[in-house]
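Number of protein chains: 2
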Amino acid sequence: MSASIDFYFDFSSPYSYIAAHQIEALAARHGRAVNWNPILLGAIFKSTGSAPLVEFPLKGQYAVRDFERSARFAGVELKMPKAFPISTVNSARAVLWVKKNVPQRTGDFVRAVATAYFAQDRAINDVAVLQDIANALGLDGAAVAAGTQEAEIKDALKLMTETALARGVFGAPFIFVDDEPFWGQDRLAQVDRWLEQGSF
Amino acid sequence: MSASIDFYFDFSSPYSYIAAHQIEALAARHGRAVNWNPILLGAIFKSTGSAPLVEFPLKGQYAVRDFERSARFAGVELKMPKAFPISTVNSARAVLWVKKNVPQRTGDFVRAVATAYFAQDRAINDVAVLQDIANALGLDGAAVAAGTQEAEIKDALKLMTETALARGVFGAPFIFVDDEPFWGQDRLAQVDRWLEQGSF
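For the protein sequence lines, the chains are A and B, in the order given.
Just so we're on the same page, the numbering used here is the position in the first sequence counted from 1, plus 13.
Just so we're on the same page, the numbering used here is the position in the second sequence counted from 1, plus 13.
FYI, nobody ran anything at the bench for these hints, they're computed from the structure.
Bear in mind the structure is a predicted one, so any value in this text is a computation, not a measurement.
Careful: at least some of the hints might be erroneous.
If several chains are the same, the list does not tell them apart, and a pair holds so long as it fits within one copy or across any two.
Here are the simulated lysine to any residue pairs, SDA-like style, with alpha carbons at most 25 Å apart [said to hold, decoys possible]:
id	residue 1	residue 2
1	Lys92	Thr176
2	Lys59	Gly73
3	Lys72	Asp121
4	Lys167	Arg206
5	Lys113	Ala179
6	Lys167	Ala41
7	Lys59	Gln74
8	Lys167	Glu68
9	Lys72	Ser212
10	Lys72	Ser15
11	Lys92	Asp192
12	Lys59	Glu37
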């Protein structure tokens, strides 16, 4: 099997949510696995001088319409949460804990957390909610919740975000296929062709 | 025939260039014509507090790679011009003159000017170059060149840009299908489905 696809995402990003439902099947069609890399977009925006999409004049209003339409286009259920965007520190750490301890369930956990936020309006940065989501997947919810407070996991999230920035990640989702960078859920068709042909 | 598709573009936008090569055929498949609307993105960015893509940290470097890759993906030749971005006042005015006087050739003229810039690195804001491009299409190049200085054409470009802003246009290309807004060449697949289904 060739190298995994690096998938950088933030749980506050609707396009990351849509892509999270597509990337694993897409990768699998080309014999690839997905390396799930949660990052904190807020920290990245601070470094690059950017801000959440919805804060930009005109673009922000368009964006909400586009989130919903792009989800329908992709066949993914999306209902914009009342609180948006939110801090995603705990949910990102929970992913890193699952990735370290039950790696084969990482994709399932990412999709479940993202769905809890973008389809069920749940408070996914609340550790009790994360525990509940993990339990529903048959994972050890208490261990996941405790994991969000482990020093090693906290450091791993900082490092993940710094590494992303060093690789040129300025938004989410951000995908690397053998070091070729692709920004946005709307680049998945290009990712697909790149995986097919090696390059184009 | 149903209402035309409103296609807002700026000649300094590589994604507008790619879309300009696709939109007329796409619209025609659904029995629609294209209403070619040149605008000045610089004026729009001034109003919304934005800037050309290449000026943003990290995103700017990625963008150049993405311009070229997206063009290859669409099968459109693109070679980034040495001077980029440029003022597009005269080229936008020339389009409005052609649209007013030889409307059935507007699409041909837009594609020829965009190709002169993005495939041949020509100085498309130079009226002599615009005259040459028009002549090569069998248009009256001298009239096109003179048209860029007509008060009525100058006013039409100002009005076009103001109208775009009032409709929520913050970037290019920007497309309206029966008032549904689509931003970006990468939304043409959604435009296609919208035209097919009425909405989705």
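Hints versus structure:
no.	hint	result
1	Lys92 to Thr176	neither (31 Å within a copy, 31 Å between copies)
2	Lys59 to Gly73	both (18 Å within a copy, 16 Å between copies)
3	Lys72 to Asp121	neither (32 Å within a copy, 30 Å between copies)
4	Lys167 to Arg206	neither (36 Å within a copy, 44 Å between copies)
5	Lys113 to Ala179	within (22 Å within a copy, 50 Å between copies)
6	Lys167 to Ala41	neither (30 Å within a copy, 54 Å between copies)
7	Lys59 to Gln74	both (22 Å within a copy, 18 Å between copies)
8	Lys167 to Glu68	neither (28 Å within a copy, 33 Å between copies)
9	Lys72 to Ser212	between (32 Å within a copy, 21 Å between copies)
10	Lys72 to Ser15	neither (38 Å within a copy, 28 Å between copies)
11	Lys92 to Asp192	between (33 Å within a copy, 23 Å between copies)
12	Lys59 to Glu37	neither (30 Å within a copy, 41 Å between copies)
Hints 1, 3, 4, 6, 8, 10 and 12 from the list above are not met by this structure, while the remaining hints are.
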